[in-house]
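Starting from the structure of chain Y, add chain G where the hints point.
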Amino acid sequence: MYIKQLSIFLENVPGRLRAVTSILADSKVNIRALALADTTDFGVLRLIVDQPELASIVLKEKNFTVKLADVLAVEMDDTPGGLDRVLKVLEEEQINIEYMYAFMGAKPKKALVIFRVDKLQQAVEALQEKGIKLISSEEDLVDLIYFCWD
Amino acid sequence: MYWNPKYECMPRTDLQQVQFERLKQTIERVYHNVPHYRNTMQNAGVEPGHLNTLDDLQKFPFTRKQDLRDNYPYGMFAVSLSEVVRIHSSSGTTGKPTVVGYTRNDINHWSELMARSLMSAGAGKDDVIQNAYGYGLFTGGLGVHYGAERIGASIIPISGGNTKRQVMIMKDYGSTIITCTPSYALFIAEVIEEMGLSKEDFKLKAGVFGAEPWSENMRNEIESRLGILAIDIYGLSEIIGPGVAIECKHQNGLHVMEDHFIVEVINPDTGEILPPGHRGELVFTSLTKEALPIVRYRTGDISRLIVDECECGRTFSRIGRIEGRTDDMIIIRGVNVFPSQIEHVLLEIGETEPHYLLVVDRIGSLDVLEVQVEVSEKLFSDEVRQLEVLSTKIRHEIESVLGVSVSVKLVEPKTIARSEGKAKRVIDKRKI
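Sequence order for the protein chains is Y and G.
Okay, so the first sequence: first residue is 1 according to our numbering, each after it adds one.
Okay, so the second sequence: first residue is 1 according to our numbering, each after it adds one.
No wet-lab data here; the hints were simulated from the structure.
It cannot be assumed that every hint is accurate.
Covered by chain G, according to a simulated footprint, are these stretches of chain Y (three or more residues, beta-carbon under 8 Å) [unchecked claim]: (1) 1-15; (2) 54-65; (3) 85-91.
In the BS3-like style, the derived pairs of lysine-lysine whose C-alpha atoms are separated by at most 30 Å in a straight line are [as the list claims (entries may be wrong)]: (4) 62(Y) - 378(G); (5) 125(G) - 96(G); (6) 60(Y) - 414(G); (7) 109(Y) - 4(Y); (8) 6(G) - 249(G); (9) 67(Y) - 409(G); (10) 4(Y) - 203(G); (11) 125(G) - 60(Y); (12) 378(G) - 171(G); (13) 393(G) - 67(Y); (14) 393(G) - 60(Y); (15) 28(Y) - 119(Y); (16) 67(Y) - 125(G); (17) 60(Y) - 424(G); (18) 88(Y) - 60(Y); (19) 424(G) - 199(G); (20) 62(Y) - 88(Y).
We treat Cβ as the ideally placed atom computed from N, Cα and C, and that holds for glycine.
In isolation and in its complexed conformation, chain Y is listed as follows (with noise of 0.2 Å):
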């Protein structure tokens, strides 16, 4: 009920987050979803690809710094109240949210959130319970995300 994002170290200067993009296009790791997060001296980036772990292998082999965790992928409603309803599950269990970003769904009128969360297991089965669709492996998001794109 998990996909794997990869993250990654990066310091705050010109030309580091293009080294990442030119390892993973070297290694044809293609880039689903971002999201940066900075402060003054460094950021992290945070990436969905269609092959974390080759991903995760490359990026290390010169030398940055990687970390793969699970994260929910949720599909919702592009609609509006399509993400209140689901972060309302999620305060009703009091699942603290680390960070989320969003992506548009490759269905029409869907959308596609990545959370972060403290209590991973927990907020699954409560999205679950309610019926909110989650994405279950790197290979759906893919297709997901592909279909309108293609």
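Just chain G now, kept in the frame of chain Y:
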């Protein structure tokens, strides 16, 4: 002007006689009272009886900072604690400082050395000495204090910090001599200018500056901005504190108080003694100390010996300005910092093989220390908040160990240069 012309201007042959007699007593005393010395001498195949001339000193083994640490806290003392009247300590790596003790006689001698030093800078009983060295475990504050009282000058024990108040007191109390680190002297000069004052508002005539490395450029700047004579003083707590060597008004090397210490300059790699004029590591042997006599102590400071006669009339040999260190110790605002201290903090935080770099710079006249830490997988979190917590934690722990403020910058792995297996730990950008 001399405090004690009998010794300060003693003919060299007489001085050497004094040195030899005192050295013999020192070697006897440490051999019989300090197990560490007896062991190292026995291991080196020497005993007090082998000392028949001053030159025989070189047969005796060196003492290193590590020996003081290994015998923490009182193992190197040659007297019982009942005879010790003062304890100071220097900043230590891994949380263990080196402890130094003084008997009443030691304090007397130290006061004498500081009286000589202050007088060498032109101080007399009519002077008002503003002592901005830190009071406390650091030897700078109390060392100057006792010397100033010995000559009968009026000492203002203001200690470091609160610079505006320093300036106000300097002006209102009519301080004639300032004692502090050279970088702090420059900072005071800046604050004076910021406050809209000029050197004509003050009665300052001289300053005695030490406890950190400085240069002729800095001297020129201090002298012109404060309108004073800037005198260099040398010392370290393991030997006694400030007052081991002092410049005279000719400002051409620091006279070593040779009736109390023997100075040698050695090749730090081979340990062999270098002739005058050659740069090497300063090694000192105490001649009069009772609580913590020290034999051939390797200071890690690089300088050279100057033996020509000085116009001032003192017969003591001089050492040149301290030019660097044999290890990678750096001095930030008068505080000794070893890279190993940073390493220790990172190990405590859970880093198994910490990679870090200390970048020292001088912004305005204040030293700043940035600690760059490579973010390993172990330290890394995908949450920015956790990384910020980590960075703050590293900063707090380093600051509490070092006692100086630092900034911490997290950097990517392998971005800190490694050379021949041993990483370069320090980049000193200060132009001093």
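Right, here's what the structure says about each hint:
Coverage of the region 1-15 of chain Y by chain G holds in this model, with 5 residues showing a Cβ closer than 8 Å to a Cβ of that chain against a need of three. Residues of the region 54-65 of chain Y lying with their CB closer than 8 Å to a CB of chain G number 3, which satisfies the three-residue condition for coverage. Under the rule that three or more residues need a Cβ within less than 8 Å of chain G, the assignment of the region 85-91 of chain Y is violated, with 0 such residues. Simply put, residue 62(Y) and residue 378(G) have alpha-carbon atoms about 17 Å apart, close enough for the 30 Å limit, and the pair holds.
Between residue 125(G) and residue 96(G), the direct Cα distance comes to roughly 40 Å. Violation of the 30 Å bound is thereby established for this hinted pair. For the hint linking residue 60(Y) to residue 414(G), the alpha-carbon distance of about 11 Å falls within 30 Å, and the restraint holds. Proximity of residue 109(Y) to residue 4(Y) is assessed by CA-CA distance (about 25 Å); at most 30 Å being required, the pair is judged to hold. Taking the CA atoms of residue 6(G) and residue 249(G), the gap is near 19 Å; set against the 30 Å cutoff, the hint holds.
For the suggested pair residue 67(Y) and residue 409(G), the alpha carbons sit about 20 Å apart, so the restraint of at most 30 Å is met. Restraint check for residue 4(Y) and residue 203(G): the C-alpha separation of about 71 Å exceeds 30 Å, so the hint is violated. At most 30 Å may separate the alpha-carbon atoms for a hinted pair to count; residue 125(G) and residue 60(Y) exceed this at roughly 69 Å. The hinted pair formed by residue 378(G) and residue 171(G) fails the criterion: a straight-line CA distance of about 55 Å is larger than 30 Å.
For the given pair, residue 393(G) sits about 21 Å from residue 67(Y) by alpha-carbon distance, which is consistent with the 30 Å threshold. Only pairs whose Cα atoms come within 30 Å are accepted, and residue 393(G) paired with residue 60(Y) is accepted, the gap being roughly 26 Å. Taken as a hint, the residue 28(Y) and residue 119(Y) pair is broken in the structure, with Cα atoms around 33 Å apart against an allowance of 30 Å. The hinted pair formed by residue 67(Y) and residue 125(G) fails the criterion: a straight-line CA distance of about 69 Å is larger than 30 Å.
Taking the CA atoms of residue 60(Y) and residue 424(G), the gap is near 23 Å; set against the 30 Å cutoff, the hint holds. With a CA separation close to 38 Å, the supplied pair residue 88(Y) and residue 60(Y) exceeds the 30 Å bound. Taking the CA atoms of residue 424(G) and residue 199(G), the gap is about 42 Å. The hint is violated against a cut of 30 Å. Pair hint residue 62(Y) plus residue 88(Y) does not hold up; C-alpha atoms about 42 Å apart against a cutoff of 30 Å.
The earlier numbered hints that this structure contradicts are 3, 5, 10, 11, 12, 15, 16, 18, 19 and 20.
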